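**Q** One-letter residues, chain by chain:
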Amino acid sequence: MNALIASFIRIMAVCSKEMIHLVHDRLTFGMVVMIPLFQLVLFGYTINTDVRNVPAGIVDQVNNSFTRKLIGDLQASQVVDFTKVANTPRELETLIRNGEVNAGIIIPHDVEKRYYSGEGDIAQILVDGSDTTLASAVRALSSFPFSPDQTISNRSRAGSFSVRLLYNPERRSSLFTVPGLLGVILTMTMIMFTSIAIVRERERGNMELLITTPVRNLELMVGKITPYVGIGLIQVSVILFLGVLLFRVPVVGKLPQVYAACLLFILANLTLGLMISTLVKNQLAAMQMSFFLLLPSILLSGFMFPFVAMPKIAQQIAEVLPLTHFLRIIRGIILREEPMSQMMSDITFLALFALVFLIISTIRFSKRLE
Amino acid sequence: MKDIITVSGLTKRFGTFTAVDGVDMSIPPQTVYGFLGPNGSGKTTAIRMMCGLLQPTAGKIEVLGMNIPEQTEQIRRQVGYMTQKFSMYGDLSVYQNMRFMARIMGVYGRGMEQRIAHLLERFKLDTFSRRSAGSLSGGQKRRLALAASVIHKPKLLLLDEPTSEVDPNTRREFWDELFVMCEAGTTILVTTHLMDEAERCHHLAIINEGCKVADGTPTDLKSGIGADICQVQGPDISELRSVFSGEKRILATARIGMAIRVITEKGVEPGCQWLSTFLADYQVSVEPAEPSIEDVFVMATRDNRGAEQG
Ligand SMILES: Nc1ncnc2c1ncn2[C@@H]1O[C@H](COP(=O)(O)OP(=O)(O)OP(=O)(O)O)[C@@H](O)[C@H]1O
Ligand SMILES: [Mg+2]
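Just so you know, the protein sequences line up as chains A and P, in that order. With the working numbering as the guide, the letters of the first sequence map in order to residues 1 to 370. With the working numbering as the guide, the letters of the second sequence map in order to residues 1 to 310.
This is chain P alone, in the form it adopts within the complex (with noise of 0.2 Å):
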């Protein structure tokens, strides 16, 4: 089956800021596609051009076989969007909320009300239907917004960052969520920076400053990140800090409770042989640990942290 949305290329210049860089992908069908970047990478605004609400400045998108934006029009009624900020109408009831994005996606008559009831519930949201959108909490809000992004069963759904706020419990319900839709035939695209989120997905793309720079599903990413992680534990490893800047073989490093994550790029020596070496003066012991989506993110989107610092 042909893919859902193809981009090449695509490119969106605010004045002199390039804020998406040449971006290439490609989604097929009834997949939940992650798009993983840190604050300011260029997603909500990638989206939005595959949305119609951005002018590209170069580059091609085609979703649902159509051209974007020349086509744009014809392909709303089957896509769902999801905005980054809140943008229901926060005097309006939940269910009028609800009633009024039925009506404008042409969801009308009879179906209309046991649609809204369905989503209500199923999002739980129906002991809240009277109450003013805007005065829901910020889960309940996010609740509301994908419950009415959805009410006219579409087949592709672009969802910003839609658990930002979200309590965990009710983010894996979300998420379940997300796979019943994908198993009816829809294909999602979802931006975060959640790592369990992102270890979800059936496919991941890694964004950093407009521009892709990883690009897979979650266990191809682990297995090819290309360097050994070590897990550093002992009664010494608040002293570490200093030892680990400057060392050019430790690409990363993340404090974990009562451990030590290090990040070593990889040599002819494996990363945590040549680290319990480097680590011998010390009272601490060093363990190999399985890659994590983490580990990915920060691999994909280190090099411009250091130019940022340094």
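Pulled out of the complex, with its shape left as it was, chain A reads as follows (with noise of 0.2 Å):
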């Protein structure tokens, strides 16, 4: 009993002193708001993937209800604006041509019949294709799904529901982007503060006292990470409050889920930047390689990039990063509402990662100086 209360009181010494060292640290300090602040506002406002309202035109040989609601549904989706009618796939042309809309669409007489057959496709999509983002935009209609009667079922033809028309019909990528970059910036600070924090020791020459303590390894470990559970929890709210704030996402209702995803992922990230401590010589060493690690998880994680439209290999490399993971979960609890077992196996992998990690760090921090 006294031993643990001995052990406990010797964690919450290196937590009380790393928390003052974070406090007179005004850089690292800073960077716990700041950094968040900037990237939301840069990927938010201006990495802005979306378009939207592409002016079009449409040819509607038909021009019934149901073609009524298909026109309005295209509409509703606000990918297009249909701002002119053409009698003659001809005439849109020359619209298309002219500049006068950047696409549009050709209804053909048999629509219903080839919507109800289900083979080939239900109408013709223009696009002008001289601006790409715009026409992969548009190209992105091909797989809307359409049904005339309300309800989306099984019979809406036209490919696979996408996520992003399913849960996000108005298509805002930010509702995308901030989810991703909660992950992000935690990746990028958790593992950059724990990162240095026992080279940071070594380096200023502190450890050579501090090893001949009876601190024991996983006392430190435990000590040291933990203040930055708590500034990586104050980052979360600065996101969300951003978030909600700047891009309206939807998060208020889910915040228990958001918060337990967010401890998990802290937790999985400090672990990783405390191994990456012990093995590194010097501060600079330590922030290369957490840069170093932050690329793949930027890119491979989905965070950038569809994670199904990546070659298996790339897939199968950003199984191993945490913001993978993190990224299905939080994606899932804000956007789709997803219920916490369906996740389960990501749950599971960033709490055995953040187990993993601490135990290797614990064994491979040596109470030697060589």
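Don't read these hints as lab results, they were simulated from the structure. Model, not experiment: these values are computed from the prediction. There's no promise every hint is true.
Using 30 Å as the maximum straight-line C-alpha spacing, the simulated DSBU-like pairs for lysine-lysine come out as follows [as the list claims (entries may be wrong)]:
| hint | chain 1 | residue 1 | chain 2 | residue 2 |
| --- | --- | --- | --- | --- |
| 1 | P | K85 | A | K281 |
| 2 | A | K367 | A | K281 |
| 3 | P | K222 | P | K2 |
| 4 | A | K367 | P | K85 |
| 5 | P | K2 | A | K367 |
| 6 | A | K281 | P | K141 |
| 7 | P | K141 | P | K60 |
| 8 | A | K367 | P | K60 |
Which chain A residues face chain P? A few, computed with CB under 10 Å, are given here [said to hold, decoys possible]:
| hint | residue |
| --- | --- |
| 9 | I5 |
| 10 | P108 |
| 11 | E112 |
| 12 | K113 |
| 13 | R204 |
| 14 | L369 |
Every residue gets a Cβ at the ideal spot worked out from N, C-alpha and C, and that includes glycine.
Join the two chains, each given in its own frame, into one complex according to the hints.
**A** Listed below in structure tokens is the structure:
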């Protein structure tokens, strides 16, 4: 019992010491708020791959309730904005060539028959290919789920349901980006903070004293990461607050799940940082290594590029990155309101990841100077 | 009572370089044991091995009846270590540093504040308790480090050059403190290259190039120096430099103010007698002098110096 209290007090001693370092280090402290603010504004506003309200024309050779519903749904997607009506496909092509519209839809006479037979395309979409972003945005309409009656059922034609379409009908990319940024920012700051935690003691010459004390490896590791768990949760709050304020990200009501997921992810990153800290010789190397890990996280986790569209090998690499799993969890919670039980494998991965790296760093940390 | 530290054949090699070379020593309880040696002689390396910071290449270390490095963790609570380089946290205040060390060393609860207050007062740090440790002067830092190293009332205290950068008055008080602690039951191993400090120790070991070259009480070391010490004075002493060089029987010389201290090899004819005949042509007086610890040190570490220069 006494040993347990002594151990707890040692952890608290390390933890409060670490907290004092943090408060004194203005740069680190500033990073807690500045990084989220910067990135959120930068990514959320400027890197907006959304293409909306592309002026488009219509050639409707049927003009009944079925086609009006189809046109109405496409218009509601906000990708295209039907501003012109043409009588023949030729006329539409001319409109596009003249730049009066950038896209158009040609609805053939037999559109209903095509729809119900389930063969071939329902209608043809024309798009000005000179602007690739715009073109690809409109091309995405090819898998637009359409159903003439209100319910979206298996009977809807045109391919798979893309998640963005189903639950984010306005196609706002910020809804997708903000939860992703939550993960990227946490990866960046959490790994960086703890990756220097132990090297710093070595560099400043505190290690020689610290390792002659009775403090145990595990106590030191736990004491060192604890303050950063708090820091991480503060960052989460900053990001969520800005996300709600600037981008109306719907998190209200899901906060307990969001925080629980973030906590798990924070722990995974902190222990990874700790492991780096036991590997490297100086703070610069720690920074470089953190950065080295950050890049694949950003590129492969599904933050930048859709996970499913990546080559198999990239997907396999991505599976070992905590960010990949976190993105699945957090997008599931925020965008799809997916129940926790559906995400058990990702949750288990993060928990195991944190545990394994805590153990590795504890073992790797040697109370020797060599 | 059993010895507090017993070391035999202690050796440490860094690559091909041997920093500590087969050192044997034992330190009885309640002793202030001085570890004297020139820069780079291996003092810090030896101490680091004794507290388990470095793995010895060869040799046996027993501290407080336990084997190092196997049982290092068990003795941590009973050993205080003051590093040569300041290793407290510069951005923590004096008090915060003390509190951190107290908690880590298992001093907590009601006793902690009392103990910290007592030590801060004893080491004259109470007026700085809120200052950041990094902003203290060199001597103040040393005092903080010493105060922190004794926070848990260790049985064994390892001090690596505790008084470098400390002014003479503070140093005296510092050493008085050491003896108070020693009388209260603490065994102290202290490295130094200051002769007056060496003189105060109960027991001295002189280490040179990793090897122990002399060992004993200061008095024994001085009486067993194996050389005659002479004090040369007079108007012509500035001309003697060239006269001395190359003379085999003169082992070492040092200019001390208006005099030259000469260490001469023992012979059939007493050293000073020989020297006054040798210097008969000059207007100088030659008097025998009592050997000092410095003479002992110079003698003990002489051989390699000659080799280094030649
Ligand atoms: N980690 C190391 N790697 C290689 N050489 C080392 C290492 N540590 C010490 N040395 C060498 O071992 C020798 C002894 O060093 P040590 O620090 O023990 O000397 P010291 O007696 O404490 O000297 P000082 O009085 O200057 O403090 C030195 O030559 C030093 O360069
Ligand atoms: Mg040294």
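**Q** Under the criterion of a CB-CB separation shorter than 10 Å, is K113 (chain A) in contact with chain P as hinted?
**A** At 78 Å from the nearest chain P Cβ, K113 (chain A) fails the 10 Å test, so the hint is violated.
**Q** Between K141 (chain P) and K60 (chain P), does the CA-CA distance stay at or below 30 Å?
**A** With Cα atoms ~33 Å apart, K141 (chain P) and K60 (chain P) exceed 30 Å; violated.
**Q** Sort out whether K85 (chain P) lies within 30 Å of K367 (chain A), counting only the CA atoms.
**A** Holds, at roughly 18 Å.
**Q** Double-check E112 (chain A) for me: the hint is only fine if its C-beta lies closer than 10 Å to a C-beta in chain P.
**A** 76 Å, violated
**Q** Once the shortest beta carbon distance from L369 (chain A) to chain P is found, is it less than 10 Å?
**A** 5 Å, holds
**Q** Return the status of the interface hint for R204 (chain A): holds when the least beta-carbon distance to chain P is below 10 Å, violated otherwise.
**A** Since the shortest Cβ distance to chain P is 7 Å, the answer is holds.
**Q** Holds or violated: is there a CB of chain P closer than 10 Å to the CB of P108 (chain A)?
**A** Violated, about 75 Å.
**Q** Going straight from one Cα to the other, do K2 (chain P) and K367 (chain A) come out at no more than 30 Å?
**A** 28 Å, holds
**Q** Given the hinted pair K85 (chain P) and K281 (chain A), is their Cα-Cα distance within 30 Å?
**A** 19 Å, holds
**Q** Can you confirm whether the C-alpha distance between K281 (chain A) and K141 (chain P) stays at or below 30 Å?
**A** Satisfied, since the Cα-Cα distance of roughly 27 Å is no more than 30 Å.
**Q** Verify the proposed pairing of K222 (chain P) with K2 (chain P), using a straight-line Cα cut of 30 Å.
**A** 27 Å, holds
**Q** Take the shortest C-beta to C-beta distance between I5 (chain A) and chain P; is it under 10 Å?
**A** Holds: closest Cβ of chain P sits about 8 Å from I5 (chain A), inside 10 Å.
Of the numbered hints stated above, those contradicted by the structure are hints 7, 10, 11 and 12, listed in ascending order.
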